[in-house]
Amino acid sequence: MKRNKAVLIFGAGILLVFGLFTLFPDIFAPYALKEMDRAWLPCSSAHLLGTNDMGYDILTELIFASRTTLLIGLAAALISLAVGSALGLLAGYLAGWKSGLMDAVIQIFLMIPMLPMAIVIAAFCGKNMFNIILIISLLGWCGTARTVRTRTMQLKQTPFVEMLVILGISKRQIMFRHILPNLREVVLSRYIMSVARCMMLEATLSFLGMGDPTEVTWGRMINLAYKRGGFTKGAYNWLVMPGVCIALIIIAFYCINHYLEAKTSEVSGAQSYLE
Amino acid sequence: MPGDTVLMLVGMDEETVTEEQYAYYQEKTGANRPVMEQFWDYLKGICTGDLGYSYHHNADISSLIAARLPNTLQIALPAILISSLTAMVLGCIMGMKKGSPAEHAVTSMQIIFDAFPSFLLGLLLIALFAFKLGWLPSGALNSIRVPNGPAAAFCDRLKHLVLPVLTLVLGTIPSKYLMICNTVALQRKEKYVLYARSRGLSDTYIAFRHIFPNICQPFLTMVGMNVGFVVSGSLIIENIFSIKGMGSLISQGITARDYPVLQGCLFVSAVVIVITTLATDFLCILVDPKVRYKVHEAQ
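Sequences listed follow chains R and F, in order. Residue 135 in full-length UniProt numbering sits at position 135 of the first sequence, and the numbers go up by one each step. Residue 79 in full-length UniProt numbering sits at position 79 of the second sequence, and the numbers go up by one each step.
Everything labelled a hint here was simulated from the structure, so no lab data went into it. Treat the hints with care, since some could be wrong.
One side of the interface only, derived from the structure: several residues of chain R facing chain F at Cβ under 10 Å [what the hints assert, rightly or not]: (1) 25; (2) 110; (3) 115; (4) 122; (5) 207; (6) 229; (7) 232; (8) 239; (9) 246; (10) 248.
Taking lysine to any residue pairs in the SDA-like style, the calculated list, with each CA pair at most 25 Å apart, reads [claimed, not checked]: (11) 2(R) to 108(F); (12) 227(R) to 127(F); (13) 5(R) to 56(F); (14) 97(F) to 14(R); (15) 227(R) to 56(F); (16) 227(R) to 32(R); (17) 227(R) to 41(F); (18) 2(R) to 155(F); (19) 227(R) to 109(F); (20) 233(R) to 30(R).
Glycine included, C-beta positions come from ideal geometry on N, C-alpha and C.
Please work from the sequences and hints to get the whole structure.
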């Protein structure tokens, strides 16, 4: 248990730091977002991570980018969670052709190769932040739906639901008032992991040049660093640090998820994902 | 969708094109006919293996894909094979040692690899092995001048494949490893493992001979999904290593607004996904008697 606490504190610590960056970028960033200095400066006390091809401070960009990247991740995961759990709940609880139809829809969406599809839609819908959020969430809900569906089907077999049915309580009330609260843990754990996945997908899209060109995100920083010769100029900070930030946040989410699962498995005896 | 298809194809805009020209090209490309009729034609074409014509590449899409698909498979198949084998071996061994320091180290490693964006991993590998050390080429599938003789050419190709395959392998191991490791650790507490152990069998033997066959069904499904997704999903890898495969065909198609090529590529990858899913389902039946006799009810 002590180990789990340590894992939680590690994850929460990272998230707290990035959360502060997100809320108050002006306080932490040493410069304003578009403040220019000489280009390609190496690391120094004035520019902790150096400057890029336009002379922007890389640390400042990193801090400002955390806001957009996290916002996209959180929002996209929220939408996909809502869609996924609603459909999963219906597919799991309803019977007959309705449930079959839902299952088919979930299966079809699971089969869609996510990245090419996301790129195609992003290219056709125009590159802005709102579209990116929508695309990521519309392609990412099916995993949640499947998990929720399985859990709902398990819950449907439990005596308390059977009793509610015998008492003549309506389907809608059983689903939303009685089963939904019991899905809390599953849904929370799915949400945490899907924030991480959505951020990764956003970074990948931005890296391939499909991101919003007016916003600074970590993926876009890597994209620019790659395209504008961060490699040949040896500006590895510009290239690597956004990736490290992405990795850190995803690891933080993993840690928190790990703690939550370990906690629930203590209660219910179920096995945790990581340990 | 942005832009007028006809105008894009003939390379004019609304100002320069005349009514007659516009009508002529619409007639020629068939863009003035009802959408359903065009779609019906497309479906008929697919049945005969004709996926349409790419105006951007000035080539038949079927032959375009036929030329590109082998390149993608050259990276994808070895990568899937290596990553599945590594994940299986590592997962089985570490699953038996769940909770030990070695297992913690390996699992944390895998989580870090999983959290690190794969495109950056590819870039860093290029930076290290191609730029700094100069051991391996940084992209493409051949040297500009392919060495004479089949053996030398093969070695040349092999050298070019190392980095892309390695990137894909590192990116696809973690999910499979975590899955196997966790299920093995769960199965470890089952009674049949206890009996096997009381017969004096070693942990490694139990893991591979007794536990793995029991859990290989979800593993096979996962590998099958990988095959389907890698065909189009090696997009990033092909982009970074400038390899002419399906992925780069898709990304070129997007920048050039080459709709027929995109349709063709997505169609082919969908077909590959369906075939591999079917194949894995059959494989599961072959491997797992529980599925064959319906003893174990799948969810």
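Hints, one by one, checked against the model:
1. Restraint check, residue 25(R) versus chain F: the minimum CB separation of about 22 Å is more than 10 Å; hint violated.
2. The closest approach between the C-beta of residue 110(R) and any C-beta of chain F is roughly 9 Å, which is under the 10 Å cut-off, so the hint is satisfied.
3. For residue 115(R), the interface hint holds, the least distance from its beta-carbon to any beta-carbon of chain F being 5 Å, beneath 10 Å.
4. For residue 122(R), the suggested interface contact is upheld, since its CB lies about 9 Å from the closest CB of chain F, less than 10 Å.
5. Taking 10 Å as the C-beta contact cut-off toward chain F, the hint placing residue 207(R) at the interface holds, the least distance being around 5 Å.
6. For residue 229(R), the shortest C-beta to C-beta distance to chain F is roughly 12 Å, which exceeds 10 Å, and the interface hint is violated.
7. Checking residue 232(R) against chain F by beta carbon gives a least distance of about 9 Å; that is within 10 Å, so the hint holds.
8. At about 6 Å, the closest approach between the beta carbon of residue 239(R) and any beta carbon in chain F falls short of 10 Å, and the interface hint on this residue holds.
9. This hint holds: residue 246(R) has a C-beta 6 Å from the nearest C-beta of chain F, less than the 10 Å allowed.
10. Because the closest C-beta pair between residue 248(R) and chain F is about 8 Å apart, less than 10 Å, the hint holds.
11. Taking the CA atoms of residue 2(R) and residue 108(F), the gap is near 17 Å; set against the 25 Å cutoff, the hint holds.
12. The straight-line distance between the Cα atoms of residue 227(R) and residue 127(F) is roughly 14 Å, inside the 25 Å bound, and the hint therefore holds.
13. Pair hint residue 5(R) plus residue 56(F) does not hold up; C-alpha atoms about 58 Å apart against a cutoff of 25 Å.
14. Proposed proximity of residue 97(F) and residue 14(R) is contradicted: the alpha carbons are some 29 Å apart, above 25 Å.
15. Taking the CA atoms of residue 227(R) and residue 56(F), the gap is near 24 Å; set against the 25 Å cutoff, the hint holds.
16. Taking the CA atoms of residue 227(R) and residue 32(R), the gap is near 24 Å; set against the 25 Å cutoff, the hint holds.
17. For the hint linking residue 227(R) to residue 41(F), the alpha-carbon distance of about 41 Å lies beyond 25 Å, and the restraint is violated.
18. Between residue 2(R) and residue 155(F) the alpha-carbon distance is near 52 Å, which puts this suggested pair outside the 25 Å criterion.
19. Restraint check for residue 227(R) and residue 109(F): the C-alpha separation of about 29 Å exceeds 25 Å, so the hint is violated.
20. At roughly 24 Å between alpha-carbon atoms, residue 233(R) and residue 30(R) fall within 25 Å of each other, so this suggested pair holds.
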